[in-house]
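Enquirer: Spelled out, the chains give:
There are 2 protein chains.
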Amino acid sequence: MKLKSIPTFHQVEKIHERIKPYINQTPVMSSTAINEISGCEIFFKCENFQKVGAFKMRGAANALLALSETDKAKGVATHSSGNHAQAVALSAKNHGVKAFIVMPENAPAIKRAATAGYGAEIITCEATLAARESTLNKVVEKTGATFLHPYNNYDVIGGQATCAKELIEEVPDLNVVMAPVGGGGLMSGTAISTKALLPNAQIIGAEPEWADDAFRSFKSGKMQYNTRVDTIADGLRTNLGPYTFEIITKLVDDIITVSEEEIVAAMRMIWERMKIIIEPSCAVPFAAVLQQKERFAGKKVGIIITGGNVDVNNLPF
Amino acid sequence: MKLKSIPTFHQVEKIHERIKPYINQTPVMSSTAINEISGCEIFFKCENFQKVGAFKMRGAANALLALSETDKAKGVATHSSGNHAQAVALSAKNHGVKAFIVMPENAPAIKRAATAGYGAEIITCEATLAARESTLNKVVEKTGATFLHPYNNYDVIGGQATCAKELIEEVPDLNVVMAPVGGGGLMSGTAISTKALLPNAQIIGAEPEWADDAFRSFKSGKMQYNTRVDTIADGLRTNLGPYTFEIITKLVDDIITVSEEEIVAAMRMIWERMKIIIEPSCAVPFAAVLQQKERFAGKKVGIIITGGNVDVNNLPF
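Protein chains in written order, with the numbering used here: chain A, 1 to 317; chain B, 1 to 317.
Excised from the complex, chain A in its bound form (with noise of 0.2 Å):
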């Protein structure tokens, strides 16, 4: 059954239930020089150990589970050049559905290879918005297949809201929890779960500065469009869409923005202290702390680290 209107908690609960087969359930780390850098106490959900190396698993696993079987016969269909387009093709083979995945020309070849091997066909179209999105209509149309949006889906919104809820079971008492905001789906369900197991925390989203939607919508009240999408982080070009807009306005507490050099500083220092990798967007909520440290002084802030897809021969640094 496909929802139909914002996930309450107890669908969330549910949900979780029924992925857990299609996840793993990721750790929770802590360092204790990011600690005493920050002076807070930060614990980091690790979404880069997720399956597909990213947190849109989640999402997508919850999405393919609510098709009725006549939708499942007729497939499922998206357009993305990056993390949703894996975790679509993975949940799709892992219920025999058939995926289609559009994707413009200049998407990086491993990506594209990695997609194709969870068995989805990769439909090739211009590397514009408006030639993505008509490509996928006519894909639609001529297959029938059930379009799977990458986040403006309460579906997609209902299993992202499950990192929250593991990260919250294992740190009960978080004063602070934040994550990237790009097109909204992980900061939705991030504040659903926040929410109802910890009324009293902060709910906090960071985005970069130079793609500041989510900041300007949610300080205006008004859907706001992003006017450059260069920042390095690449995950969080993207708007809101009305289903995130509506959740983020109503239940976040409060979106911080960084600049492109506090997100690869940022970036770095979980590298090199934490051992582990992250994409750039992951970097983006502790470069919101590193910026305002009194404000989360002495906290106990939970992060959630959304993935760990990076060009190795690409690094900033």
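A portion of the hints provided could be inaccurate.
[Claimed, not checked] If you only want the chain B side, here are some residues facing chain A, beta carbon under 10 Å, derived:
# : residue
1 : Pro27
2 : Ile110
3 : Cys125
4 : Pro242
5 : Lys275
6 : Asn309
7 : Val312
8 : Asn313
Hints in this document: simulated from the structure, not taken from any laboratory. Think of the CB as a built atom: it goes at the ideal place given N, C-alpha and C, for glycine as much as any other residue.
The hints should help you fit chain B onto chain A, whose structure is shown.
Expert: Below, chain B alone, put in the same frame as chain A:
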């Protein structure tokens, strides 16, 4: 009480109890992708998440605890440009003991800073083994400090043995336990714990072809020496000592050597698939598995990931 002979497993158990407050119990990680590629089930014991970023902390922690109060008052000394220096410095700091670390003038600034950050006194010398040893001798003579050898020391070996002990306690049905061989301290400790806990398991070392002293010593039954020290696996450039040679000859079942290309390919695979930062040295046993897949087919293989201290500005890919 300092050990005067090869540690028994009973002694290793006592050592483990006493060093626990000073070390991390590191996680054991697995990867479906890595298992599919290698055709066996690999359990990586992640000492890259150990304090100071390497297993060396175990041996150093124990060596400090083995000192008499009289010895502690005079301090400890060693020469190292690497992980052992930091491990000795932090262990000394933990007990309020003075540490003198002889470092070659070409030691990376970041390692010098990290060691000084633990409060150690750094004595700079020329970048030759002779200069390091003579400078160390002068320091010891002048201060009365106890020299803590990085591996040819039974207390250090007993500390390193706790790593395989933890691994086997977590995965009690391993068929093979592997470690890289540099000076042989980790390999010796690994062999002691594995022989006691899993008498039927194979104990296998792995070494770079370009630093194959242990391989040749093991095969010939006589101490052999490295003829070149330019392998990328910089933690494995050292020679066995008499203590580690004796233990390895007695307890290890085989040593496999791998090429530089195999090391880099294995390191990259662990970075990309497991999202963890490991030193080149750590990739050596995994490279050996990939080289001899039929030998390990279907087995449960434990591999000790030794450390994660790499210069992210100077990667081999």
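Enquirer: Determine for every hint whether it applies to the structure shown.
Expert: So, going through the hints one by one against the coordinates:
1. With its C-beta approaching chain A no nearer than about 6 Å, Pro27 of chain B sits inside the 10 Å limit, and its interface hint holds.
2. The restraint placing Ile110 of chain B at the interface with chain A holds, with a minimum CB-CB distance near 9 Å, inside the 10 Å limit.
3. Taken as an interface hint, Cys125 of chain B does not check out: its beta carbon lies about 27 Å from the nearest beta carbon of chain A, beyond 10 Å.
4. With a cut of 10 Å, the hint placing Pro242 of chain B at the interface with chain A is violated, because the nearest CB-to-CB distance is about 33 Å.
5. Restraint check, Lys275 of chain B versus chain A: the minimum CB separation of about 3 Å is within 10 Å; hint holds.
6. Checking Asn309 of chain B against chain A by beta carbon gives a least distance of about 8 Å; that is within 10 Å, so the hint holds.
7. Hint status for Val312 of chain B: holds, given a least beta-carbon distance of 6 Å to chain A, under 10 Å.
8. Interface hint at Asn313 of chain B: satisfied, since its Cβ lies 6 Å from the closest Cβ of chain A, which is below the 10 Å cut-off.
Violated hints for the displayed structure, listed by number in ascending order: 3 and 4.
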